[in-house]
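Enquirer: Residue numbers (the working numbering), protein chains in the order written: chain S, 1 to 154; chain X, 1 to 785.
These aren't lab readings, by the way, just hints derived from the structure by calculation.
As the structure is a computational prediction, the values presented were derived from the model and not from experiment.
A portion of the hints provided could be inaccurate.
In silico negatives: residues of chain X with every beta carbon more than 12 angstroms from chain S [to be verified]: (1) Gly119; (2) Tyr170; (3) Gln283; (4) Arg302; (5) Thr308; (6) Val329; (7) Leu547.
Incomplete in silico selection of chain S near chain X, CB under 10 angstroms [unchecked claim]: (8) Gly10; (9) Gly11; (10) Gly35; (11) Pro105; (12) Cys133; (13) Val146.
Just so you know, even glycine gets a beta-carbon here, dropped at the ideal spot from N, CA and C.
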Amino acid sequence: MAEVVLNVNGGDNAVEVDPDSPLLYVLMDAYGLKGPKFGCGLAQCGACTVLMDGEPYRSCTLPVSEAKGKIVTLEGLGTMENPHPIQKAFIDEQALQCGFCISGPVLYGKAFIDKNPGASEAQIQEALGGLLCRCYAHPRMLKALVRYAKEVKA
Amino acid sequence: MSTGMTPDAITALSGEGYSRRNFFRSAGALIVSFSIAGSMEQASGQTASGFPTPTIPNNQVDSWIAIGGDDSVTAYAGKCDFGQGFRTVQHQLVAEELGVPLERVKMIICDTAMCPDQGVSSGSQGHPTQFGTGALRAALATAREALVRLASEQLGLPVDQLMVENGIVYSRADRTNNVSYGKLIGGKKINLTLNTRAVPKNPATYTVLGKSVPRYDVPPKATGEFEYVHNVRLPAMIHGKVVRPPAVGAKVVSVDESSVRTLPGNVKVIVRRDFVAVAADTQWEAMQAAEKLVVRWTAGDRLPDQQTLYANMRRMPSRDAYTVVADDVDEKLKAAAQTFKATYFHPFQMHGSLGTSCAVADVKGTGANTTATVWSASQGIYPQRDSLALILGTAKENIRCIFVEGSGCYGLNGADTVAYDAAVISQATGRAVRVQYSRKDEMTAAESFGPAYVIDLTAGVDAGGQMTAWNYESWTFNKGNRPNATTPGNIYSGGLLGFAAPAVNPTMTPTRPAAFNNNGNVASAYGTGCVGGSCGSTGNVQSERVLTRTIASPFYTGPLRSPNRLQNTFANESFIDEIAAALKVDPVVYRLRHLVDSRLIDVLNGAARGAKWDTRPSPKPGNAKTGVVTGRGIAIVLYEGNNGYGGLVAEVSVDQGSGKVTVTKLVCSNDSGPISNPDGLRAQLEGGALQGMSRAMYEEVKWDATSLTSVDWRRFPVFKFGDPLPVVESVLIDRPDQPHMGAGETIITVVAAAIANAIFDATGARIREVPFTPERVLATLAARA
Chain S
1 MAEVVLNVNG GDNAVEVDPD SPLLYVLMDA YGLKGPKFGC GLAQCGACTV
51 LMDGEPYRSC TLPVSEAKGK IVTLEGLGTM ENPHPIQKAF IDEQALQCGF
101 CISGPVLYGK AFIDKNPGAS EAQIQEALGG LLCRCYAHPR MLKALVRYAK
151 EVKA
Chain X
1 MSTGMTPDAI TALSGEGYSR RNFFRSAGAL IVSFSIAGSM EQASGQTASG
51 FPTPTIPNNQ VDSWIAIGGD DSVTAYAGKC DFGQGFRTVQ HQLVAEELGV
101 PLERVKMIIC DTAMCPDQGV SSGSQGHPTQ FGTGALRAAL ATAREALVRL
151 ASEQLGLPVD QLMVENGIVY SRADRTNNVS YGKLIGGKKI NLTLNTRAVP
201 KNPATYTVLG KSVPRYDVPP KATGEFEYVH NVRLPAMIHG KVVRPPAVGA
251 KVVSVDESSV RTLPGNVKVI VRRDFVAVAA DTQWEAMQAA EKLVVRWTAG
301 DRLPDQQTLY ANMRRMPSRD AYTVVADDVD EKLKAAAQTF KATYFHPFQM
351 HGSLGTSCAV ADVKGTGANT TATVWSASQG IYPQRDSLAL ILGTAKENIR
401 CIFVEGSGCY GLNGADTVAY DAAVISQATG RAVRVQYSRK DEMTAAESFG
451 PAYVIDLTAG VDAGGQMTAW NYESWTFNKG NRPNATTPGN IYSGGLLGFA
501 APAVNPTMTP TRPAAFNNNG NVASAYGTGC VGGSCGSTGN VQSERVLTRT
551 IASPFYTGPL RSPNRLQNTF ANESFIDEIA AALKVDPVVY RLRHLVDSRL
601 IDVLNGAARG AKWDTRPSPK PGNAKTGVVT GRGIAIVLYE GNNGYGGLVA
651 EVSVDQGSGK VTVTKLVCSN DSGPISNPDG LRAQLEGGAL QGMSRAMYEE
701 VKWDATSLTS VDWRRFPVFK FGDPLPVVES VLIDRPDQPH MGAGETIITV
751 VAAAIANAIF DATGARIREV PFTPERVLAT LAARA
């Protein structure tokens with residue numbers, strides 16, 4: 001066990017953890033976060049996605065000792081009362097069913113669109129390549145992301 | 001306690017509201033209702049911890065609905081929501097039927113201690129059940145009628161001169177003459193039995209139902225505030241991890257507990273028959289221990305060879321049953337001007353939930369005093385409770401199962417079996433326990449797969465091309481099913497714990513049906529479905545024989561979105577397409593010649609019109625035998641024989657060099673009676689179309705001599721982001737004058753056939769085996785005439 005200091009959703013917090021533990025379990029259990037989720041533990045699906053300094057990472061395979069910078073999870077973007085524009089786009093498009101995968105499409109989408117304002121649907125699809133959604137809400141998710149891309153450009 | 005939890009989770013975790021009575025008290029708003037006196041007496045017998053849990057009588061109105069003196073409305077329902085939006089629809093139903101504002105309605109769903117036992121939330125039965133007699137709508141209509149009668153007495157006006165708006169009963173002539181529900185009830189206690197003949201509102205007059213009310217669960221899910229079962233945390237809770245047999249059917253020889261003794265996290269080892277697990281303080285510590293625990297297992301079962309499976313299924317002992325059997329089928333086939341024959345193959349498939357299954361259990365006490373609270377994402381918390389009674393050795397009244405949504409399940413995934421795991425580990429350790437599977441455990445040692453099928457079809461046509469006989473014979477697998485009070489052995493962990501799955505006993509002669517029941521969509525849409533003099537199907541082919549042979553399965557099997565119906569419809573809807581093509585008749589036109597059900601005809605025409613169907617026989621004239629070609633196909637179904645009409649046109653492009661098929665467009669057409677929430681319905685059709693496409697194009701469970709090899713998303717590929725996404729469109733047919741039907745599985749049922757038919761249209765090659773991988777498509781192209 002070792003003390004690790006992480007900057008999660010805007011605050012520095014020290015936690016006692018096994019440094020080999022993947023970041024996901026630390027976020028779920030030590031920080032009590034619900035945004036990043038365990039889908040496969042193999043970086044194959046994207047349910048555990050977090051942003052580190054604006055870049056998407058699969059937290060299920062990233063040792064906590066290698067986590068650095070500003071970590072932002074789904075709940076770090078906005079709240080139900082005050083959702084981030086990308087979250088609002090998903091809400092307006094009713095762009096999820098069970099919602100278990102949602103960290104992947106939202107955070108990969110955000111990272112890509114923030115760097116590529118006004119990105120096309122095809123470009124966004126490619127940026128999301130490999131992510132899974134087993135309810136297959138893909139068309140609505142892409143619609144939400146295109147809407148967000150238009151907003152970022154404007 | 002975080003603020004973003006679902007109402008169910010707040011109720012469940014707060015310790016308040018532990019019983020129905022306490023919930024009412026803590027809500028502070030009491031009360032209505034109606035037969036609350038009875039419930040109070042029942043509740044008073046409870047222990048401080050809330051056990052034994054009360055029985056919620058389904059025939060009492062206050063089991064379903066409570067109206068506070070402050071006009072608050074709480075409804076209780078035993079039909080859950082897995083992300084389809086049925087929680088929202090039930091809100092709409094309560095508001096609509098009772099005549100109260102939507103925002104005043106609070107719903108508690110699927111808690112065995114608080115909600116009426118509605119069995120399993122599956123089979124597209126949410127709508128038909130809650131809108132049918134004897135459930136939520138009937139309870140609401142009974143309550144409204146009683147309240148209007150009370151108002152009639154109080155206001156001194158006959159019932160027909162009253163109207164309800166926003167929970168207030170008004171005189172139609174003078175709106176200043178009114179009284180609210182809350183005031184009407186006051187402190188009175190009215191025993192009210194659910195009246196199955198109470199007259200519900202006419203759907204044509206709906207103002208809340210029929211609107212695209214946004215789902216309640218989307219904002220918390222999109223912002224990470226939603227409480228899934230995976231997020232349930234109890235005080236002093238530990239984490240369990242199961243250690244599953246490496247080979248199918250392997251039994252424990254020995255467990256070396258010393259192999260994990262020095263690991264951190266207060267590791268515990270749990271062994272009960274062939275059930276092996278570890279528990280530790282954190283998830284990560286439990287994972288390490290599960291990996292390092294040394295267990296010796298027997299070699300396990302020898303699995304059937306997958307390469308020759310379909311051929312060998314025909315020779316395996318089977319339990320045989322006719323769905324329909326006309327005695328003149330052979331005669332009609334012999335007399336036919338032309339006969340057709342084809343065989344279709346469908347693999348084992350899995351639910352493949354995105355998140356692995358998870359449950360939390362808190363088992364206390366010993367022997368007959370054992371009590372358990374289980375948080376589960378199961379589709380069937382009521383039968384789960386009943387079967388846990390056998391596993392834990394206590395009465396079912398001592399068990400409370402609380403539904404908390406998980407990752408989408410699409411049927412009997414690992415949700416029930418992981419609840420068993422958590423309960424058994426909690427009982428053994430005396431601690432609250434959370435279990436979440438690894439990806440490999442989920443895919444190989446928890447699932448109840450959708451079974452493989454081999455389906456032979458034969459048909460005869462007369463000189464004019466009209467079908468005169470239809471003969472279906474299939475071979476499929478079974479091991480277990482949903483668990484119930486007597487069958488915990490129906491699912492994986494039940495088996496490890498020593499409960500056997502019911503045997504598949506071979507029959508000497510097939511059983512014959514007493515009535516036509518096409519729940520499995522075994523019979524095609526084109527037969528008459530005549531059994532014992534009454535005919536229940538949608539077509540006009542009288543001479544019809546439909547025989548299913550069920551074999552003991554090497555793997556657990558169970559309901560997977562459109563169970564059996566999807567496999568059967570792939571065969572039936574491909575076969576009629578083959579006949580139409582051979583007779584050089586357009587596939588829509590040929591279907592229409594054999595249909596008598598006007599709603600199925602409308603759905604077929606609706607899909608065709610929506611897709612701007614080009615009426616002509618398949619294959620498409622002028623397509624080259626090389627390069628990339630395009631085509632379209634259609635398929636239809638009356639789901640379960642009586643529960644929702646679906647039609648689909650698929651458009652594809654086929655690269656004949658690589659065998660790669662790209663689905664470019666899917667046009668859905670659906671009629672499930674009155675539409676409750678148009679946007680929610682569209683979402684179901686879209687998701688069903690694309691999930692069906694994934695299953696048709698990618699999904700097949702694989703194994704070697706001893707073990708399942710589909711252990712992760714690389715070895716069980718599915719459609720994912722970045723793969724070419726077709727345009728998906730929906731044609732909604734609203735039928736306010738018809739009963740409510742299901743809509744969650746209509747479209748997924750017809751996708752594989754529509755795509756196969758489109759591939760044929762494009763290439764002239766008929767693919768008869770799912771999934772349509774490039775290798776298989778290439779082989780089919782090479783074999784084409």
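Enquirer: Hints first: check each against the structure and report whether it holds.
Expert: Do the hints match the structure? See the list:
no.	hint	verdict
1	Gly119	holds (21 angstroms)
2	Tyr170	holds (35 angstroms)
3	Gln283	violated (5 angstroms)
4	Arg302	holds (29 angstroms)
5	Thr308	holds (31 angstroms)
6	Val329	holds (40 angstroms)
7	Leu547	holds (34 angstroms)
8	Gly10	violated (14 angstroms)
9	Gly11	violated (16 angstroms)
10	Gly35	holds (3 angstroms)
11	Pro105	holds (7 angstroms)
12	Cys133	holds (7 angstroms)
13	Val146	violated (13 angstroms)
Hints 3, 8, 9 and 13 from the earlier list are contradicted by this structure; the remaining hints agree with it.
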